[in-house]
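Participant: Here is how the chains run, residue by residue.
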Amino acid sequence: MAFTSFADFLAMGGHAPYVWSAWGVTLFLLLASVWHARLERRQLIKGLKRRERRDQAHRATQQDTAARNAAAGGGHHDT
Amino acid sequence: MWAFIHKLGSPKWFYAISAKLQPWCWAVAALLIVAGTVWGLAFAPADYQQGNSFRIIYIHVPAAFLAQSAFISMASAGLVFMVWKIKVADMAATVMAPFGAAMTFVALFSGAVWGVPTWGTWWMWDARLTSMLILLFLYLGVIALRGAFSSRDSGSRAASVLAMVGVINIPIIKYSVDWWYTLHQPATFSVTSTPSMPMTMWLPLLVMVLGFYSFFIALTLMRTRSEILRREGSKRWVRELFQEAR
Amino acid sequence: MQEGSVLQGDTPPVRFDVQGARGGVSIALIATLRRDLTLMLRHRGEVLNPLVFFALVITLFPIGISPDPVLLTRIAPGLLWVAALLAALLSLDSLFRSDFDDGSLEQLLLAPQPLAALSLAKVAVHWLLTGLPLALMAPLLGIMLSLPAGSYAILSLSLALGSASLSLIGAIGAALTVGLARGGVLLSLLVLPLYIPVLIFGAGAVQAAIMGDGAGAHLAILGALLAASLALSPWAIAASLRISING
Chain A
1 MAFTSFADFL AMGGHAPYVW SAWGVTLFLL LASVWHARLE RRQLIKGLKR
51 RERRDQAHRA TQQDTAARNA AAGGGHHDT
Chain B
1 MWAFIHKLGS PKWFYAISAK LQPWCWAVAA LLIVAGTVWG LAFAPADYQQ
51 GNSFRIIYIH VPAAFLAQSA FISMASAGLV FMVWKIKVAD MAATVMAPFG
101 AAMTFVALFS GAVWGVPTWG TWWMWDARLT SMLILLFLYL GVIALRGAFS
151 SRDSGSRAAS VLAMVGVINI PIIKYSVDWW YTLHQPATFS VTSTPSMPMT
201 MWLPLLVMVL GFYSFFIALT LMRTRSEILR REGSKRWVRE LFQEAR
Chain C
1 MQEGSVLQGD TPPVRFDVQG ARGGVSIALI ATLRRDLTLM LRHRGEVLNP
51 LVFFALVITL FPIGISPDPV LLTRIAPGLL WVAALLAALL SLDSLFRSDF
101 DDGSLEQLLL APQPLAALSL AKVAVHWLLT GLPLALMAPL LGIMLSLPAG
151 SYAILSLSLA LGSASLSLIG AIGAALTVGL ARGGVLLSLL VLPLYIPVLI
201 FGAGAVQAAI MGDGAGAHLA ILGALLAASL ALSPWAIAAS LRISING
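Chains as they are written, first to last, in the UniProt record's numbering: chain A, 1 to 79; chain B, 1 to 246; chain C, 1 to 247.
Isolated chain A, as found in the complex (with noise of 0.2 Å):
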């Protein structure tokens, strides 16, 4: 160690808002760079999904009406 008390690691012999400031905007940046990463991953999955839901649920519509236009046509057939 190579301070003798916390209260002197803090201090660092008088350079703390020196070494504090530097420190602390370093591992805030690279902090910030993984959180925005993966906030921007959650957000472009969710809207994935949304989007996804979406055309599924357009598809069973789609699939319900034809169907329902199959049975109330009968004989025709209709391409």
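Quick caveat, the hints were computed from the structure, so don't treat them as lab data. Hints should not be assumed to be uniformly reliable.
[As the list claims (entries may be wrong)] List of simulated lysine-lysine pairs, DSSO-like, C-alpha gap at most 30 Å:
#, chain 1, residue 1, chain 2, residue 2
1, B, LYS87, A, LYS46
2, A, LYS46, B, LYS235
3, A, LYS46, B, LYS12
4, B, LYS12, B, LYS87
5, A, LYS49, B, LYS7
[Stated by the list, open to error] According to the in silico footprint, chain B covers these stretches of chain A (three or more CB under 8 Å from chain B):
#, segment
6, 6-14
7, 17-29
8, 32-46
9, 49-62
Treat the numbers as computed from the prediction; the structure is a model and nothing was measured. Ideal Cβ positions, reconstructed from N, Cα and C, are used throughout, including at glycine.
Go by the hints and put chains B and C onto chain A.
Facilitator: Chains B and C only, in chain A's frame:
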């Protein structure tokens, strides 16, 4: 081997392969950065001349290295995109730029802050800081240019050209600025070049440098994957990923 | 398209459709040079603008800093070089813009001759009517800034050499931004970092001449930068033009 590299160019395969790599990169990055931080801040000795402000080196140097490496990676990815038309390369280049710019800022900020107890001033036009400042402008230019085009492909190609032009100029700029600085400041003390560092000082530095590089790789993988989702969202394989079971 | 007769015996058949790749390129180059020269000379205002800007900026500095000749002498080389550099930057926008607006740039892209060569011709004209006049005018402004004797020739020479590199490098930026709405501001951001090595050695040459050290090394490096720009820029300019037009 070539088949593997070829596969990486396909967004679908890259997405799958990177999914496995990613957690390991994050784990390594976290481990190295935490270890390096504790070591550098608490265990490494203070410098005889500069005292504890010397500990800033443990972020300044890794950030500076990364700032330059990220630009070179970005330019290389741009080259791959322009020559072989591999879209994943452009996606990687897109995500590397903002982080590279952030690291350049960190290098500048930490260098400036370091200068206060060392030189008594908030800014010093020394060779390293001046080169970093110019590098920051180069990054901002690439990011701005990419975004200025209405067509994504045009923006990508323009940004690739600029990145390649920039990367050729970086050594020229460094050489010029180095020369300029030594001409105007004969007796220099460069904060960052302390060649005779005892092992107790450069080992934690090495750990931090490796940690930062791992972080860069992990972040690039993650954001490239997001970029793939963003750009390829309408493709079948992406849709299948997010289809719910009926 | 005419084809020569194959009945001419010993002489090979003459083809008039393509006068050999070499012939085609040099003809196109000369045509481009003449066209651009004519166009630029027609717009005298555009040619004079950078020179007026140069003079105005030099006027601003003593007003903004101090008229003290001793101080001005020390900073004159840098001031002259920075002002000339900014004037050159200002003139870049007009390099491709008018051709882009009226569609002749697209025609240039469609020409069979290599775009890199044609771009070089355009940049050469630009330098002839921008960089060279700046270099020739600089000594006059040097007098106003109390530039010490013995450095005036080096001032012009360094500016002439350096501004050629500035035109070449700047043309890359101009080509990249010609199709963009607010390309002007972006152009400065893209190009100024790349200008810095030329500035360092150009101003350094003048300072060395003042110190009596001899500017040979600086001028040599300026020459090397020019050689590198000549070799590499045309391809970058051509690629950038294609992106701007096709994009």
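Participant: Decide if the proposed pair is consistent with the structure: LYS46/A and LYS12/B, CA atoms, cutoff 30 Å inclusive.
Facilitator: 19 Å, holds
Participant: Given the hint that LYS87/B pairs with LYS46/A, test it: the Cα-Cα distance must not exceed 30 Å.
Facilitator: OK: LYS87/B and LYS46/A at ~24 Å, within 30 Å.
Participant: Holds or violated: are the alpha carbons of LYS49/A and LYS7/B at most 30 Å from each other?
Facilitator: Given pair LYS49/A, LYS7/B holds - Cα atoms ~26 Å apart, limit 30 Å.
Participant: Can the segment 49-62 of chain A be counted as covered by chain B under the rule of three residues or more with Cβ-Cβ separation shorter than 8 Å?
Facilitator: Our answer is that it holds, as 6 residues pass the Cβ test (under 8 Å) against chain B, meeting three.
Participant: Counting residues of the segment 6-14 of chain A with a beta carbon closer than 8 Å to any beta carbon of chain B, are there 3 or more?
Facilitator: holds (count 4)
Participant: Keeping to a limit of 30 Å between CA atoms, is the pair of LYS46/A and LYS235/B held or broken?
Facilitator: 16 Å, holds
Participant: With a cut-off of 8 Å between beta carbons, are at least three residues of the segment 17-29 of chain A near chain B?
Facilitator: holds (count 9)
Participant: For the segment 32-46 of chain A, count the residues whose Cβ lies under 8 Å from any Cβ of chain B; is that count three or more?
Facilitator: holds (count 8)
Participant: CA of LYS12/B to CA of LYS87/B, is that 30 Å or under?
Facilitator: 11 Å, holds
Comparing the model with each numbered hint stated earlier shows that all of them hold.
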